Every structure is written in C-alpha cells, then in structure tokens.
Amino acid sequence: MRFKGRTVFITDAGCDSGRAIASAFIKEGANVVLNSKSDKAFVRDIIEDCKKAGTGYMVCSNDLLDAGSLNGLIEEIEQQFKRIDILIHNNNRVKRVSVEECDDATFEEIMNFNTKSAFLCTQCIGKSMMKNKYGKIVYVSSIHDDKPTGSSFIYSMSKSAVKNLCHEASVEMGKNGINMNLIEMGPVEGDNLKFRSRHTVIYDEDYKSRVPMGIARNMDNLASLVTYIASDEARYIHGSDIRIDGGFLMHYALLEDGGLR
Amino acid sequence: MLLEGKVAIVTGAGTGIGKGIAVDLARNGARVVINYRSSETGALDTKSKIESLGSEAIIIKADVLRREQVERMVSQTIERFGKLDILVNNAGIQMNYSLMEYTGDDYDSMIHINVKGYLVCIQSVIANMKKNRYGRIINITSVHSKRPIINDPVYGMTKGALKMLTRECAVELGRYGITVNAVEPGAVDVGIRTGFRKEQQTEEVNSFIQSELFVSKIPVGFTGVPEDIAPVVSFLASDGSRYFNGSAVRVDGGAVLI
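If you read the protein sequences in the order shown, they are chains A and B.
Take the first sequence: its letters are residues 1 to 261, numbered as in the working numbering.
Take the second sequence: its letters are residues 1 to 258, numbered as in the working numbering.
Watch out, some of these pointers could steer you wrong.
[To be verified] In silico DSSO-like links for lysine-lysine, alpha-carbon gap of 27 Å or less:
1. A:K95 / A:K208
2. B:K61 / B:K83
3. A:K27 / A:K4
4. A:K175 / A:K127
5. B:K116 / A:K95
6. B:K116 / A:K194
7. A:K133 / A:K4
8. A:K82 / A:K175
9. A:K95 / B:K130
10. A:K82 / A:K133
11. B:K49 / B:K61
12. A:K175 / B:K217
What the hints contain is simulated information worked out from the structure, not anything from laboratory work.
The structure displayed is predicted, hence computed values, not measured ones.
Bound conformation, chain B alone:
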C-alpha cells in the first residue's frame, strides 16, 4: 500500500475536505491522527469511517491557534505511533465579507487561523521529521492563492501568504528530507457545513455550488467533492512524490482556465 507504515496528522479532519483526506490516507495504509477543534461528532464519524476500512486512527482535539495544544498533539502522536511522517495542514475558515465590511478583528482572525495556524503546525513537526530525515508536509490552500475570490478578499490574502509559506518551507526544509507542497482545491461540495458568514451559526447546505449555473463554469461538468481532492494529497504524502517540493497542484476541474 502507498502509505504502509506511515503516520499522519490531518488538521480540521472532522469535516469537509479534511475528513476526505484523513479517510483516504487511512485507505492507503497510513495511521491517522484526526485533529479537530469544534466538530467532535465529525471527528468521531471520520474515525468510524477509517475503522470500517480496517485502518487505525486516533482523535486529538487541538486548536491550531494554541501553540502548546499543537505541540501536545505532536508529542501524543509520537508517543502513540513512535514517529510522524506526514502533516496535512487543512484547518481554515472563510468569512465572506467584502473588503469594506471587514473589521480589523475579523482580519486578525483570518490571518491567525489560516496563516499562523499552518505555520505553528509546521514548526511543531520539524524537529521530529528532521530527526528521522523524512517528512511530507501538504498545505491545503486554494485556487484563490492565485485567483481573486472576490467575496472574501482577506481569505484570498491568507491563501497568497500560504503560497509563499509553502515555497519558503520547501527551500528551507528540503535538505532535511522534508518536502512541502500545496494542493489548491477549487469549488468543493462538502455537504452540510456551518454558514459561511461569522454571524450565521446554523448549519446549511450550499446548494448553489451544485446549481446548473455554477457547474456550467467548470469544464469537467461537475462540482468536486472531498474524495476528488484526497487522492492528490495521498500521492504527495507518499515516497513516490519525493521530487515534488514547493509545488502547487491545482484540483478544480479546470475552472480557473475559463
């Protein structure tokens, strides 16, 4: 199996793309740490999906904004599995305010969660990966690291910062056997999710991204699901990807081309 014997942490693995990634890593033989901050039931669901595949997973609650919680997650992972090979940085938020609607505090939250959260997780795994001279770090970013999203400019800014975080880490960490790459999903249907806007705390289905109008703007003729993103991550997490470093793989059905 592609990831036989490997140990992976996936942040934000209780929902959406993170859940899809955790399950796919496990399907390929990895032992997976399911990280979540608030979606406990989601994390439990991810775990049971993995176990039904006959693979092993544990759940660790940690807020990526809290360095001590992230460091504890990493040391618990190593205690349990003896090492850490793969980090998938996936936890992030979107607020859907226009530039003029954004407050300074909203801006700070976006930068902290979407950018600093990734940095803290990377910093927390470097020591162990360096020791083993092996590491695969995959940052889930977005097509909006390069293309404007328009309805959430600060989201676009954070993804731009992650583009450079990925490249700089690739330059700095490559010599230690640690590769750092990005996956840039386009629109992905994650089913039920918490409302985009901060004030919308209810769960809802975003039916727009399955609408005829929306799908007509995607060359492959359908809206992607987490299972379309996950295999790319599994490949980048595998030994076979060793010459990939600082790359960004766009997975969007060709939508940015039209």
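Okay, chain A solo, but in the shape it has when bound:
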C-alpha cells in the first residue's frame, strides 16, 4: 500500500493505459482523479474498485487546454483530497498523416492534445504541488519520441516535445521537491495496425518476432512501472527516460548521433 492517502491525477484515464494505471494505484490505496473526454463506460468499473478498496475518487472531463478550467478542477481536488501528490500525463493520440498531406487542423489537434496538455498540467498542477514541496510527475510517452514512425509524424514530434518538457521541468522544479520522469512505451499487440507505414519496416509482419521478451498484450507492465516511478523509493530517478518495450528497440539501437534509439 505505497499510496495510501496519496492523490493521483490521471489524464485520458479512459484509454487502455489510463485504466491499467488507475487500477494499479487504487490497489495500493491511492485516491484517484480520472480525467477523460472519452467513453465513460470504464467509470462504473473503476468506482466499484474504489469502493472495494475504500479509496476516494473523482471523475471529470475538464479541458486540459484551458488553464482556467484546469485551475478550477485543481481547487476542487484540493477541497476534496487536500492536495495532489501525483500527476500521470497519459495523453497519446495518434493520427496517421504524411508530412506532405498534413493540414493545420490535424497539426493543432495532435500537438494540443499530446503536448500542450502536458505543458499546462505540469505548470498548473506543478504550482499546486510546490505548495506542499512534494510531487511526482510521470509522462507516459512512446519509443517514437526518438524513433520515427514513418506514418504519424505529428505524434512523434508531440512526444519529443513532451520529453524535452520533462527534462526542462526536472531542472526547474526538482529543487521544489517535484520529481518527474518519462516512460517510453514500446509495442503492444495491435500497434502494427496503428503505426504500419510504407516508409519503414518497424511494424512489418515480423515485428512481434523482434520483441525478445514477447509482445505485450496489455498495459499491466506499464502500470507496474508507473507506480514504481511514482513511489518514494524512486526519488533519485529524476529527469530520466525509461524505455519499456521488451527489447524491441535493440534491433535498431544507437544508429547515429547518440540520439536515435
């Protein structure tokens, strides 16, 4: 019960990774604030889990691109749970589009959903955390913050920007007791359909055979890593990018200029 009495804010909590992460925190006694604009069917299950575990919960669908709305939500959370201890930024929207054909609206949509939400959450929730001199932020990102997709370039740009946000914020906010890291999630069953590209071979028909540990079929391993990183045991892990991909990128690692993995 590493998180008894702690309050966790999870963005896009309705998606697969969000649900897995929420369940893992609830099991360990955390109060959860679940923000999601997507289908709310998951809410019933999660509320059941919370009741069983005796933990607090709040379900919301605030616009994370609106600092006013976000600050209002933070006030509500502070009233109900006193403080926010942990932020899990989990926005990972992928849209298949080529550089050649991308229009302004698509660029804005993905950059806002994945990146601006991270910026505003870090800023607004970070301010709230700074009052307590305590906070943990975990950004759920992707191996594609470094490795091109060949199919969804705005996604990789948006995630690379979040990675740099994590690095920058770790320097600026670390001294205020805020601890942050980024997780680079690798392939999950079905990602070949999401990312398949005629320009790359990463997600060809053999892609599963290039995952030495076997392809992940769910987000449970991700959730275990997130809870570890968000725990007090991990306080010296700071500003790190932690890859969790079953060894997938070892087939591509260290190609050039020290950056491409």
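Based on the hints, put chain B in the right spot on chain A.
Chain B in isolation, oriented as in the chain A frame:
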C-alpha cells in the same frame, strides 16, 4: 564551386545565423532567396554582402506563419530562378521565460513559429523538389533539441519537436531524392539582436556569451559566430552530402560534452 547552379531559400536571413548561412551559400555559388519577416534593413545588408561576392540574391518578405505567404515565396523563387534545390529552415524565436512564467499564449506562439513555421516551409517546397527528384532541406535546430536549456523550457520543447520532424521527413521524403538534416548550433554570438524577452523590444548586445565565465565552459575556448555554423549548412546543401539523411550535426565547440 560546391553549390554552382543551385537555388536556395533561407528563412530568417536578415539577421544572425540565417544571414551567415545565406552569405556562405552564395559564396559557394548558390543563388539565394533572402527571406525575412521584420528585419528589412538586415535583409538588405545580407543582399549587399552577397552581391559584393559577385553572387546573386533576391529578398522576399514572408511570414512563415502564413501559409499563403510561404507558398507565394516558393512560387516567386521558381518564377525567378526556374527551380528550388535547397531550403534552410532557420527563422525562430526564443522568449526566456521560466516554466512558471509562461502563459498559454506565449506557448502557442513558440510552437507556431518554431515548429509549425518549419513544417509549413517544408510542405511548401515538397512538390517542386519531388518533381525534380532533388532536394536538400536543412533544419537549424539547437543543442537544446537534446539538452535542457533551462531558461526557456518551451524553446527546448520546440527544438525536441524539430528533432523528430527532421527524422520523420527523412524517412518520408528520402525516396524522392530529398534529404532532410538538422544542424544543432550551440551558443552563437550574433552581435546586436533584439532582446530575448518578448517585452524587451530594444536592441542589445549579449555580452555574457563572450564573458570569461561563459567561454570557460566551451572546450574550444571561444564562442562561435554565424560563420562557424554556415559551412556545415553549405556542405549539407551540396551534392556530396547525399548519404546524409535524418542526421543532426552538432556545432557547439564541444560545449555539451562538459
């Protein structure tokens, strides 16, 4: 000459690194389009420097945020010179706010100018380069695409996004004979410039980057100038660089290593 017969557009070529690049491309034989948004006198100065080398240049004013202006710049270039071989994406801004000082609007401006501006310019040149099955696109990014800058987190974010824009473009466009690479300058002394912060509209010299303290953190023992960045761009713009694609060349005197 390295770039004999080539035609290049350099964005933000009225000042700083962009000016240095435009002049060096011209020195190597390219005909250059000097793009600027607000520094008209700077653009005129770049043009006269190029002409004094006996090379040819034209000035085209265009805001990289305005797709129609960028597209007009590209079609004017082709009308004038018949083709376009080289695009150097260089126009960008820095605000120098801490994370907590940044407003949502400042954030949007940074993303639009530093990231979307590069994307719009690339999109606008693809058709012509594809037709000729030849293109050299060079994105000027920063060592801060990989290393925190600290005094302007959103600047760092935009350069991270450009790192991936470069790599994704390299993957997508390579088959058309178009290569896309990045140059990552470290600290560069550009002389007089408009104040870093948005509210500082006065021109000033950033003397700090020539100070003993600052220079002591650069292994080569001096602060770079635009002329130290430009030759790398000229090489990446040349035929000899054809096997470079999606690479990033760091030009910082070794500063990130210490």
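Tested hints:
no. : hint            : in the structure
1   : A:K95 / A:K208  : holds (22 Å)
2   : B:K61 / B:K83   : holds (19 Å)
3   : A:K27 / A:K4    : holds (10 Å)
4   : A:K175 / A:K127 : holds (13 Å)
5   : B:K116 / A:K95  : holds (17 Å)
6   : B:K116 / A:K194 : holds (24 Å)
7   : A:K133 / A:K4   : holds (18 Å)
8   : A:K82 / A:K175  : holds (22 Å)
9   : A:K95 / B:K130  : holds (24 Å)
10  : A:K82 / A:K133  : holds (14 Å)
11  : B:K49 / B:K61   : holds (18 Å)
12  : A:K175 / B:K217 : holds (24 Å)
In terms of the numbered hints stated before, the structure departs from none.
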